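Below are the chains, spelled out letter by letter.
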Amino acid sequence: MRDGYFGLRLCRTMKLTNSLLEKLDPRTKIISFLSVILCMILTPITRIRDFGLYFLLILAIGFFSRITPKQILKKVCILVPFVLFIAMFVPFIKEGNVCWSLKISNWKFDITYEGAWTFLNIIVKSTLSIFLLVIATSTTTFPDFLKGLDMLRVPRLLVVLMSFMYRYIFVLIDEARKLMRARSLRYFGSRYKEQFRVMGYMIGVLFIRTFERAERIYSAMIIRGFSGEALSVKRFRFSSMDILFLVGIIVSLVCIVSGLVNKIEHIRVSGAHLWQGL
Amino acid sequence: MARIIKVSKLNYRYPDGTIGLKDVSFEVEEGETMVIIGANGTGKSTLFMNLMGILDGVGYIEIMGLMLNKINLKDIRRGVGMVFQNPDDQLFCPTVMDDVSFGPLNLGLNADQVIEASQKALALVDLQGYESRTSHHLSFGEKKRAAIATVLSMNPRILLLDEPTGGLDPRSISKFINILYTLKSQGKTLLIVTHDLFLTQEIADRVLVFSEEKKPVAVGDYKEILKNYDLLLKNNLVHQHRHRHDEVVHEHEHRHGYIHEH
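Protein chains in written order, with my numbering: chain H, 1 to 278; chain L, 1 to 262.
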């Protein structure tokens with residue numbers, strides 16, 4: 001595999017560093033990380049200080065994962081541009097109080113306060129979530145993660161679907177790359193129109209191959225007695241470390257969130273506008 | 001020896017009208033190794049799909065004394081393991097262990113039995129320690145062996161192997177033949193589809209030759225069949241080849257292990 005596929009880099013089974021986070025039950029990680037993300041999302045963006053605390057919490061988790069900051073940042077840098085691209089246009093679209101106007105010949109762009117806050121909201125929350133996601137994916141193998149989901153009673157169909165995606169995305173990438181290679185070996189430059197036609201053929205061929213492969217895989221499954229239920233022998237057990245970790249996360253979340261509650265109370269009492277209450 | 005597979009007058013036509021199998025009839029004894037040889041596209045794999053009840057052709061199929069129909073299908077699949085040509089179709093789980101334990105879990109064994117059966121199967125194909133490896137990171141040879149383990153863990157009486165040595169390097173092939181010998185010595189019935197005459201010579205008890213008309217044209221002891229040049233040549237299993245030495249070009253059949261006079 002070439003190293004350029006970010007999906008691969010994120011999903012690849014990590015070299016085991018034997019850190020605390022790796023030893024934890026995947027369920028613990030799923031529950032705790034999900035609750036951190038949930039709290040973060042529900043916190044209004046105006047409470048910047050709370051996000052500082054969340055960041056510290058994530059740093060602490062990162063410390064336990066024993067991954068070097070460089071590794072984490074490298075992966076975060078792959079994902080953040082996508083979010084940035086999506087959020088980029090929000091300040092211009094959102095209606096409200098204009099804080100800054102941009103004029104290019106006949107075109108006028110207005111950036112509103114509300115838009116700017118929404119932008120900040122998306123960027124801060126998603127970046128922090130990505131940090132957590134990167135830590136989670138680098139300390140949990142994908143199969144373990146799936147089993148954790150399954151044991152947390154996530155719908156089986158969803159888990160099986162994800163497991164197939166994980167198994168075959170690489171095969172598909174490989175197949176696509178083979179097609180690209182075959183094309184480039186016989187490609188000596190042509191017009192744009194022609195290129196799109198070839199591209200269409202390739203997508204078509206890839207679809208048919210995928211479809212036929214799916215049929216063969218399904219036959220392989222029913223031959224081995226598949227009846228719609230995905231079963232597994234691997235079982236996980238909660239250890240004292242899991243409980244300690246979970247309690248630690250929840251206590252810190254409660255601390256952050258309750259601080260937030262106080263501040264909202266303060267704002268309400270003093271009657272200040274949400275923006276000014278910062 | 002008891003008859004374990006009986007196929008008579010099996011016909012199959014693909015949905016687009018192409019003929020897949022034409023009047024196929026043969027029998028397999030329990031514990032024997034039957035190698036089915038034929039050129040590409042002669043319907044060998046289609047035959048396997050029919051035996052497993054994935055494709056339903058017209059004709060009579062009897063496996064382990066049971067007639068192949070909807071009612072018996074489950075019991076038949078319990079006793080017959082089929083390994084696909086492409087291991088990527090066979091290994092569909094995230095890890096090797098998941099794949100190997102897939103069959104026994106579906107058979108309804110308990111966790112301990114499943115683990116024992118899976119370990120045994122992995123040991124048989126020399127893949128101990130690969131349990132938590134992800135399938136797509138294995139080499140092709142390892143994938144092929146893992147694919148066999150996925151059906152061995154179900155302890156089938158009959159094994160259908162589609163091109164088991166296709167695309168393998170010489171060392172992997174010899175490793176594979178060793179595995180096949182072990183299975184043979186355990187009394188399993190092997191049905192192997194191939195066009196590799198070397199493998200045929202190594203492992204076969206009897207050989208069934210498929211012609212390009214999608215039907216069997218000859219069946220018999222492997223020595224007899226492999227000696228029959230005309231038959232092999234006619235069915236595209238050996239070919240005339242031309243080569244040159246001492247600046248003299250001459251032509252003869254190409255065959256493994258065959259040294260000719262010059």
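Since the hints were derived computationally from the structure, they do not count as laboratory data. The model shown is predicted, which means the values in this text are computed figures rather than measured ones. Every residue, glycine too, gets a C-beta built ideally from N, C-alpha and C. Wrong hints could be hidden among the right ones.
[Said to hold, decoys possible] Quick look at which bits of chain H chain L covers, simulated, 3 or more residues with Cβ under 8 Å:
1. 137-151
2. 158-168
3. 213-219
Here is how each hint holds up against the structure:
Coverage of the stretch 137-151 of chain H by chain L holds in this model, with 4 residues showing a Cβ closer than 8 Å to a Cβ of that chain against a need of three. By the rule of at least three residues with a Cβ nearer than 8 Å to a Cβ of chain L, the coverage given for the stretch 158-168 of chain H holds, with 5 such residues. Counting residues of the stretch 213-219 of chain H whose CB lies closer than 8 Å to any CB of chain L gives 4, so the stated coverage by that chain holds, three being the minimum.
In terms of the numbered hints stated before, the structure departs from none.
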